[in-house]
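Listed below, chain by chain, are the residues.
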Amino acid sequence: MLDSLLAPFRALGQYAILIGRAFASVNEIRMYWKNLFIQMVRIGIDSVPIVALAAAFSGAVLTVQTAYQLETPFIPKTIIGSIVAPSIMLELGVVVAGFILAGRVGARIAAELGTMRVSEQIDALEVMGLNSVGFLILPRVLAGIVMFPVLYVVSCVVGIGTGIFTGHIGGFLSVSEFLEGARQFFQLLDPFIGFIKSVAFGFIVTSIACYKGYYTGGGAVGVGDSTTQAAVLSCVFILVADLLVAMLLL
Amino acid sequence: MIEVRNISKSFGDLQVLSDVSLDVNEGEKLAIIGRSGSGKSVLMKHIVGLLKPDSGHVYVDDQDLCCVPYERLRELRKRFGVLFQGGALFDSLSSFENIAFPLRYFSSLSESEIEARVQECLDLVNLSDVGAKNPSELSGGMRKRVALARAISMEPAYILYDEPTSGLDPETSNTINDLINHLASELKVTSVIITHDMHSVLEVADRVAFLYRQDLEWVGPVAEIHDCANPNLNSFVRASEYKIGDSSTATSLSEPSP
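Chains as they are written, first to last, in the working numbering: chain X, 1 to 250; chain F, 1 to 258.
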């Protein structure tokens, strides 16, 4: 009973120590730069299409629904742009990207490391004299921290662009009206907060996935469990971090 | 020299090793035998510092693996080559890249020297032409031989073999046994072989250590394995003899070597 009550705290401690060990090996990053570059491509560049697709549909739907809700002669149409653009920059762009990446990147990292664990490949790295935590975890977490903001920018540009395009094609909002509204209420704080969130989400998704994968137990079932837990926990902690950043910075 | 001193290890409530002490002398081939679940692989992981004992010490060349800082442990591990049970080859890399992997990280060899060294290792395990193949394209025996080539690429002082013949057909098992003997004499390495394959033990080992449940019950020269008074070891040897079934091998197992 006491054991199961303490289990989450034990896991948190184990997670903190693992990530601490990963960052403590940052002085060896020159050994792992090639791995860092590979992870930046896999986590960042390879995720651009799916993030862009999700952002495109989110931007389009948000524009259509905002226009529908504000369909009254008493509210100027420019207000649609001033709602859609900050919503995407502050919340939608980064959270949608985060959820997509929790599934795509988080699950892949957990499955990859989990398979390496159960097939003794991580032990093989250790007995060669490599620091497996530095070699496997640090490049993935750093790549997440660096590339999530890039994907956030992609998500915002595509989301807002699709919003403009949808309004124009739908004939209910001109490009100039959208841009005027977006400019009118633009605050530098909005993209800044989105950027902070993207860095936090990048860290959350990659570090949780690395932790779950690195400590995978059992065989194929263990890998499956780790993969699922990595995706689910990443989504939960994205929501928690989203709220915390909003409460702290807004 | 490897010295294991009074190590005990438990996982939760399960005691796996209890007060085990063992020496592995330089240049010898020591087989650690025992039933599945008797703690052989756990003992091997202690020898290479992958696990820390709950109590006791493991000394490699007079340095206590349990107390050295992680950086020093990494240096000590470079003296080991380990053949894991499943090979533990990196499945995203070709055989060549697998063998070149430690050389790229821990040697100052040029690319052409690395190529030559990889080929030399592949030749040693009689797999000269599989460098371009991925692990998934190799048979079980070939995978183990490529893993062995990777294990010897850094010229280790100690080679640890975890179930080197498990899951292999008798002919491939003999090839692996021959390789273990060949590498021991050619490279003058100390070998520790974790196995429950008595045929392999008789083929390669100089000395035998028998683990039963969590205790080390018997240690002695392979020639004395039939004369020992330990009932558990006798039962283990008899069971292997029955399993092999072949009359000539059965004789060699049941009768002491001259």
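Just so you know, the hints here were simulated from the structure itself, not pulled from any lab data.
Quick reminder that beta carbons are idealized off the backbone N, C-alpha and C, glycines included.
Incorrect hints may appear among the rest.
Non-contacting residues of chain X with respect to chain F, defined by C-beta distances greater than 10 Å in every case (computed) [claimed, not checked]:
#1 Leu130
#2 Gly161
#3 Phe165
#4 Gln229
Sample of chain F residues at the chain X side, in silico, Cβ under 8 Å [what the hints assert, rightly or not]:
#5 Glu28
#6 Pro69
#7 Arg72
#8 Phe96
#9 Tyr212
#10 Cys228
We went through each hint and held it up to the structure:
1. Leu130: violated (6 Å)
2. Gly161: Holds: least Cβ distance 36 Å, greater than 10 Å.
3. Phe165: holds (40 Å)
4. Gln229: holds (21 Å)
5. Glu28: With a minimum Cβ separation of about 20 Å from chain X (threshold 8 Å), the hint on Glu28(F) is violated.
6. Pro69: Violated. Min distance 12 Å.
7. Arg72: violated (11 Å)
8. Phe96: violated (16 Å)
9. Tyr212: violated (25 Å)
10. Cys228: Violated, because the Cβ-Cβ distance from Cys228(F) to chain X comes to roughly 32 Å (cut-off 8 Å).
Hints 1, 5, 6, 7, 8, 9 and 10, counting from the list given before, are not met by this structure.
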